[in-house]
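Build the complex from these two chains, which are given one at a time in their own frames, with help from the hints.
Chains as they are written, first to last, in numbering that gives the first Met the number 0: chain U, 0 to 165; chain Y, 0 to 317.
Heads up, a few of these hints could be off.
Okay, derived cross-link-like pairs now, DMTMM-like style, lysine to aspartate or glutamate, Cα gap no bigger than 25 Å in a straight line [what the hints assert, rightly or not]:
{"no.": "1", "chain 1": "U", "residue 1": "K72", "chain 2": "Y", "residue 2": "E71"}
{"no.": "2", "chain 1": "Y", "residue 1": "K160", "chain 2": "U", "residue 2": "E70"}
{"no.": "3", "chain 1": "Y", "residue 1": "K46", "chain 2": "U", "residue 2": "E81"}
{"no.": "4", "chain 1": "Y", "residue 1": "K11", "chain 2": "U", "residue 2": "D60"}
{"no.": "5", "chain 1": "U", "residue 1": "K72", "chain 2": "Y", "residue 2": "D41"}
{"no.": "6", "chain 1": "Y", "residue 1": "K160", "chain 2": "Y", "residue 2": "D225"}
Calculated from the structure, these hints are not laboratory results.
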Amino acid sequence: MNLPDPNQLIDQLAERIRPRLQPECALLGIHTGGVWVMEALVERLGVDLPRGVLDIAFYRDDFSRIGLHPEVKPSSIPFEVEGRHILLIDDVFYTGRTIRAAMNLVFDYGRPASIRLAVLVDRGGRELPLCPDYTGVKMDMEAGQNISLEQDEGGRLRLMMKQEAA
Amino acid sequence: MSRNLQLTEDGKLRHLLTLDGLPARILTQILDTAESFVSIGDREVKKVPLLRGKAVFNLFFENSTRTRTTFEIAAKRLSADVFNLNIATSATNKGETLLDTVANLSAMQADMFVVRHASSGAPHLIARHVAPHISVVNAGDGRCAHPTQGLLDMFTIRHYKGGFHNLRVAIVGDVLHSRVARSQIHALTTLGCPEVRVVAPRTLLPRDVESMGVHVHHTMETGIKDVDVIIMLRLQNERMQGDLLPSAGEYYKHWGLTPEKMKLAKPDAIVMHPGPMNRGVEIDSDVADGKHSVILPQVTFGIAVRMAVMSMVAGSGA
Numbered sequence: 000m001n002l003p004d005p006n007q008l009i010d011q012l013a014e015r016i017r018p019r020l021q022p023e024c025a026l027l028g029i030h031t032g033g034v035w036v037m038e039a040l041v042e043r044l045g046v047d048l049p050r051g052v053l054d055i056a057f058y059r060d061d062f063s064r065i066g067l068h069p070e071v072k073p074s075s076i077p078f079e080v081e082g083r084h085i086l087l088i089d090d091v092f093y094t095g096r097t098i099r100a101a102m103n104l105v106f107d108y109g110r111p112a113s114i115r116l117a118v119l120v121d122r123g124g125r126e127l128p129l130c131p132d133y134t135g136v137k138m139d140m141e142a143g144q145n146i147s148l149e150q151d152e153g154g155r156l157r158l159m160m161k162q163e164a165a
Numbered sequence: 000m001s002r003n004l005q006l007t008e009d010g011k012l013r014h015l016l017t018l019d020g021l022p023a024r025i026l027t028q029i030l031d032t033a034e035s036f037v038s039i040g041d042r043e044v045k046k047v048p049l050l051r052g053k054a055v056f057n058l059f060f061e062n063s064t065r066t067r068t069t070f071e072i073a074a075k076r077l078s079a080d081v082f083n084l085n086i087a088t089s090a091t092n093k094g095e096t097l098l099d100t101v102a103n104l105s106a107m108q109a110d111m112f113v114v115r116h117a118s119s120g121a122p123h124l125i126a127r128h129v130a131p132h133i134s135v136v137n138a139g140d141g142r143c144a145h146p147t148q149g150l151l152d153m154f155t156i157r158h159y160k161g162g163f164h165n166l167r168v169a170i171v172g173d174v175l176h177s178r179v180a181r182s183q184i185h186a187l188t189t190l191g192c193p194e195v196r197v198v199a200p201r202t203l204l205p206r207d208v209e210s211m212g213v214h215v216h217h218t219m220e221t222g223i224k225d226v227d228v229i230i231m232l233r234l235q236n237e238r239m240q241g242d243l244l245p246s247a248g249e250y251y252k253h254w255g256l257t258p259e260k261m262k263l264a265k266p267d268a269i270v271m272h273p274g275p276m277n278r279g280v281e282i283d284s285d286v287a288d289g290k291h292s293v294i295l296p297q298v299t300f301g302i303a304v305r306m307a308v309m310s311m312v313a314g315s316g317a
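Next comes chain Y alone, as it looks inside the complex (with noise of 0.2 Å):
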């Protein structure tokens, strides 16, 4: 269902919801696309005129400095109108249901909205109530996906390995409450990543996990052995109040990535994380800033992304 409202009819990017599903032919258009907005930013002038007169609604529910910076940075750049939207001063919290924030905002005559949301699908059903010139980006929803996260992380690696056809690829930390992990796992699997790993605790990972085609691992020493790639992902804090975990510093001693662990893995492997970072939770700061790091990168790579995405929605319906 999500796979035919995202594409038009003749195969284009209509909205992005989520990765699970979109064929390997729009993730790499995405990636290439992406790489001719990556020098941009060197520019004299950074901007290029594409959305020139189009509204951007950032519709943020839940909490994000980053994320939300780099879609409006990216807007701003194809020249788009933005109207970044404070949802918790807003009519929502006058209990204002979300269909009829879209409706009014869409009254204001909205091009896009780019969507954060704590419930999964609430970027779905946007998409499936908008006007037909209206497109949906997901900016994460919910456990359920963080597609422009999951696409900068391919274009990340790509960058720095060049393909993905003779890579083995580790994603560590918790990926049964990561709609990043999910994302990654997706993107990864379409385009031909031979061997994905998840390397968590059994608490931290989702039952189902091994038919997503990834390779599960309990021990970091052999979850990181020889990878090239390793995807940290955050612990959230409010984790580490229930009963999955121990406390912060046994996560710490088992599963964070430090100078020693990362002898395990191949000499020329590179470090992501999708941010914000625990620092001496889940990455020892010396990794984080070491020269396997490629975690502010990601940053930059992202707006790239994100234009792409952007231009290739706003397309769609022409």
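Extracted from the complex, chain U is given alone in its bound form (with noise of 0.2 Å):
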């Protein structure tokens, strides 16, 4: 399957963000994928925005599952989440269940005035009554592919797809 180019997908997405941006806009990139299209969204759109990051790793719903993420990185919401409009952003949407440990975290540091989803891809197989309201592509993807986002080391962005094993 050819796959799209991220940075394409980006620029659209700045698109459809700026003309909805707002004075009390901040934006939250989830660890680690949704961390790099924040940056390059920032970029497009070219304004200061407050901004942050957040790592899931101690609201993920399958903890008693799976134990705690080897490799917790620091959340980070460097302004005041109260009253703020929030736009929550990540690479690839799936089952939703980060997007709900996000929204747990960040109301955990306040209460925002809304939130909103950014997200590359949206693969289908949402497991919960959640939705991006900004979506880059949509792709309907079998339960054992994996479309992930990498940055090499130049700071480029691809999409790769990997078949799990059976």
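So this is what it looks like as structure tokens:
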């Protein structure tokens, strides 16, 4: 399958997000792919919005099944969440569980005015009543397929598809 | 043996009993995870839902304020339910054995035991007998180990010094009776600290201390010369009654850390102490409260380190 170029997808996302930016907006990228997408978006939007990064390891709903992720990174929200319009950013939207965890995390910092969600790829297969507000591309993928965003040493982004061993 | 007991087959931390034999990979993972927990203390809601619904039992067969309290805070910030057992008034005093106490608490659906005991090896004994879903964290056993203290000390050193590879660290005082010193030495050598010194009179050093990979000094003048980190150990009052030492005043004169002696260390050296301090015995108040002291940050970091340990062992059975 030919995978789309993430840079073009981010261009399109930026065009759609730009008209809806408000003064009280702030961006939150989810580790690790979501942070890359956020940084690329900020570059294109050309505005210096407050932004932070989220690691949802402490909020995952599968802790009792798979334990703690071995590489937890600190979450950092260097702005007041209270009353803020938050744009949550991730690379791939799948079951929706990551987004649920991320929202719980955000609420532990304060009560935002609103949360919207931007994703690069919506791969289908959601298990929760959540849906992105901005989507780069929609794809219909099998359960055994895995799509991820990678960054090479030069900082270039690309999408990678893997077939999980049955 | 304890090594196998502490790790799962796929190398995850199952119990935390001693730092002796734990690989650098695990120590670093604990410190990194703790880094993520530090910032939670600054948030609106100082809790994460990781151990929601888990029952953590604090089993302190020996007195402790700081360690027990920070374990309790750590467990509560992980959303666990915490039960503090006052062992002095418990069934142990009526003759119940340690394993019977543990079996009864397990029957009350315990998920984790945090154990402090005067006998070396008590947490190991419990770990060998608990059900597969229960984890044990050693909060200090006899003269053997105090792994979370050792880890929070490593966290503190890494926080202020950036790493371990170019450091000279002096551990000063009663190494002989100190489980804290043992845990610190194991951790420092595992994490690649090139020069660990123990500084103490002969009577307060274990006979085989050099086999742990440390440099022995019998004077403060050579012992803390040009060091980056000074760790003062508590002189336990009961030691002064025996024949190991002349008197508290005499000890202070030779081994107490004073502003004068601080000048021997590097200008940016940090001073640590596991507490509780004997001011005017092993440490002068001007040093304890001075600009080199990181003794109170140690306590704060202790919460994040204990959160990291508890969340790692609780998730290992998965």
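Mind listing which of the numbered hints don't hold for this structure, in increasing order? Per hint list: zero violations.
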